[in-house]
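Let the hints inform the model, and build the full structure from the sequences given.
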Amino acid sequence: MSNIPLPLEKKSSSKAVELINLTHCYNSYPAVDHLSFEIKSGTIFGLIGPNGAGKSTTIKMLTTLLPATSGDARINGYSINSNPAQVRQCIGYVPQLISADGELTGYENLLLSAKLYGLSSGYREKSIHDVLEFMNLSDVKDKLVNSYSGGMIRRLEISQALVHDPAVLFLDEPTVGLDPAARKMLWKHIRELNKEKGMTILMTTHDMNEADALCDVVALLHLGKIVVMDTPHKLKTALGPKATLDDVFILHTGSSLKETEDYQHVKQTRTTISNL
Amino acid sequence: MLSKPERLSQIYNEFALTFVQISAIVEMDVRKLRHDPSELFTRMLQPAIWLLIFGQAMAKTKAIPTGSLSYLDFIAPGILAQSILFISIFFGIALIWERDMGILQKILVSPAPRSVLVIGRAIAAGIRGISQIFIIYFLSFLLDIHLRWDLLALIGVFLTVMLGGAIFSTFSLIIASIVKKRERFLGIGQILTMPLFFASNALYPIEMMPKWLQVISFMNPLTYQVDALRNFMITDQATSIGLFIDFMVGFFVFAILVVIATRTYPKILY
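Going down the list, the sequences are from chains A and R. Per my numbering, the first sequence starts with residue 448, numbered consecutively. Per my numbering, the second sequence starts with residue 21, numbered consecutively.
Watch out, some of these pointers could steer you wrong.
Each computed DSS-like pair below joins lysine-lysine, with the alpha-carbon atoms no more than 25 Å apart [stated by the list, open to error]:
#1 K642(A) - K672(A)
#2 K590(A) - K52(R)
#3 K588(A) - K231(R)
#4 K590(A) - K631(A)
#5 K573(A) - K201(R)
#6 K642(A) - K462(A)
#7 K689(A) - K487(A)
#8 K635(A) - K683(A)
#9 K631(A) - K462(A)
Covered stretches of chain A (in silico footprint by chain R; criterion: 3 or more residues with CB under 8 Å from a CB of chain R, positions within the stretch not fixed) [what the hints assert, rightly or not]:
#10 482-495
#11 558-568
#12 670-677
Label-pair restraints from in silico Cβ distances [to be verified]:
#13 Q210(R) - E485(A): 30 to 40 Å
#14 F484(A) - M214(R): 47 to 57 Å
#15 P688(A) - S135(R): 35 to 45 Å
#16 Y290(R) - V674(A): 21 to 31 Å
#17 D694(A) - Y290(R): 32 to 42 Å
#18 S58(R) - K462(A): 33 to 43 Å
#19 K462(A) - I211(R): 48 to 58 Å
#20 D694(A) - P133(R): 41 to 51 Å
#21 I211(R) - C472(A): 28 to 38 Å
It should be emphasised that the hints constitute simulated quantities derived from the structure, not laboratory data. Idealized CB from N, CA, C, for every residue including glycine.
Here you go:
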């Protein structure tokens, strides 16, 4: 199996992600409406917004899980429309739902990802070992995942997304359902990934403190469009010296955070929490 | 422009990669069974009931003409095929469960082609079906059913079971990706299994059926599976259709189902 190619070579580009009039319509309703923006390589980019704003739809299109109705996006230089296989090769994705298989051990989950990404047998074991070390999971790698804590499951899922050394990592509400200690630990790992490996990270979150603490740039999505995009510091300063990202959110969406929770989101979040 | 050796090397690499990806899907399913084999034991109950209760009762009535074969000899291959059908036809529910859990999303963002994921799951279903061979052979031995024990016959049984599991599990994946919800899937699964089972040669010879049912029976892949199994499992039992046709129909149906499932599989997400 030594002839199996290593992961796709990363294209050198200062733009890790580029959206060009990206649109998705459910029936005729535009859930994502002509989105155009860029994410520079090495950035932690936060996509925030109320439910139904189009965050998940955007992330699903960028990860090639959902076809775009019109427009395009380039990930690491590859088009989601014309080069979906290459896009998949250079991204890692952690869905909000529990994506690690509880009936397998941590090692087996990673082995599955490594094989699906076509890592050669020698590189596969090294890569699995490295991500387990990085995420502090080496000691529990042979235990079934359904015996893991919520924080450990999340770290394993991120490990799975990292095993092929992607250029861009997509995290969909990575800390939902985690206790404060597990959340802080995950923040530390996300920062390390960004600083030490220079990885570009696109994350969605409902936690404005999280967006403030982690993200270099934040985009607020409302009704399928970006209403404001800047560094958290600049967004807050524009509102006043004591303003928070919560204030920015409420100002631009016209609703408080809790009022935006719809039935589907509550169901999905509670499912995730109960599974964690 | 690639030279011929380079092109051959590329083809070899792609083939090797496809093999690794398919085997990864199969391997994980086998590992799950190794961690928790309880499912295999619970699945043994149904064929045991059919053979020990239904089979013995019907054999006593002598109501079904099975030629030189005893009725138990006649239905043992049919019960094996039925077990495979019942296991595989509900295989798609795992897809819905994986979608709801988020596991499927992670698999679908990998660069593995969709066809690889479908074929991997089909082979995994076939392997799950193999456990049924052991229980049917064990019960058949107890009931003094005239089994063939030669290597060629045993290999034939394994291949037929694998193919049957692959066909019905892929069919199940297609249904799951269309209906999308667990409750709907269970309802449709139950509606499908009985007609597939009864409109086949599993319990009675095709010649006994009314003409219209015979036509349906020849369109039913289960009929060809039972025909091949009867030849491989029971001593001195020639196929009524022919092994070549049995396998050609099986592979043809499987190929068509893989093509359809490859298209419908990701649509379960939206």
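Against the structure, the hints:
1. Note on K642(A) and K672(A): the hinted pairing is violated, with a Cα-Cα distance of about 30 Å set against a maximum of 25 Å.
2. In summary, the hint linking K590(A) to K52(R) is supported, as the alpha carbons are separated by about 13 Å, within the 25 Å threshold.
3. A C-alpha spacing of about 60 Å is found between K588(A) and K231(R), which places the hinted pair above 25 Å, so the restraint is violated.
4. Among the hinted pairs, K590(A) with K631(A) is consistent with the structure: their alpha-carbon atoms are about 24 Å apart, no more than 25 Å.
5. Of the supplied pair hints, the one linking K573(A) and K201(R) is violated, its CA atoms being roughly 40 Å apart against a limit of 25 Å.
6. Proposed proximity of K642(A) and K462(A) is supported: the alpha carbons are some 17 Å apart, at most 25 Å.
7. With a C-alpha separation of about 29 Å, the suggested pair K689(A) and K487(A) falls outside the 25 Å cut-off, and the hint is violated.
8. Straight-line distance between C-alpha atoms of K635(A) and K683(A) comes to about 23 Å, which keeps the hinted pair within the 25 Å bound.
9. With a C-alpha separation of about 29 Å, the suggested pair K631(A) and K462(A) falls outside the 25 Å cut-off, and the hint is violated.
10. Given as covered by chain R, the segment 482-495 of chain A fails the check, having 0 residues with a CB less than 8 Å from a CB of that chain where 3 are the minimum.
11. Coverage of the segment 558-568 of chain A by chain R holds [criterion: at least 3 residues with CB-CB distance below 8 Å; count 7].
12. Interface restraint, the segment 670-677 of chain A with chain R: violated (0 residues with C-beta to C-beta distance below 8 Å; minimum three).
13. In this structure the supplied range 30 to 40 Å is violated for Q210(R) paired with E485(A), their Cβ-Cβ distance being about 52 Å.
14. In this structure the hint that F484(A) and M214(R) lie 47 to 57 Å apart at CB holds, the actual value being about 55 Å.
15. At roughly 58 Å, the beta-carbon separation of P688(A) and S135(R) lies outside the given 35 to 45 Å, and the hint is violated.
16. Our hint of 21 to 31 Å for Y290(R) and V674(A) holds, since their Cβ atoms are close to 25 Å apart.
17. Taken as a hint, the range 32 to 42 Å holds for the pair D694(A) and Y290(R), whose Cβ atoms sit roughly 35 Å apart.
18. Between S58(R) and K462(A) the beta carbon distance is about 51 Å. The supplied range of 33 to 43 Å is therefore violated.
19. Distance hint for K462(A) and I211(R): a CB-CB separation of about 52 Å, consistent with the stated range 48 to 58 Å.
20. With their beta carbons about 47 Å apart, D694(A) and P133(R) fall inside the hinted range of 41 to 51 Å.
21. At roughly 34 Å, the beta carbons of I211(R) and C472(A) sit within the given window of 28 to 38 Å.
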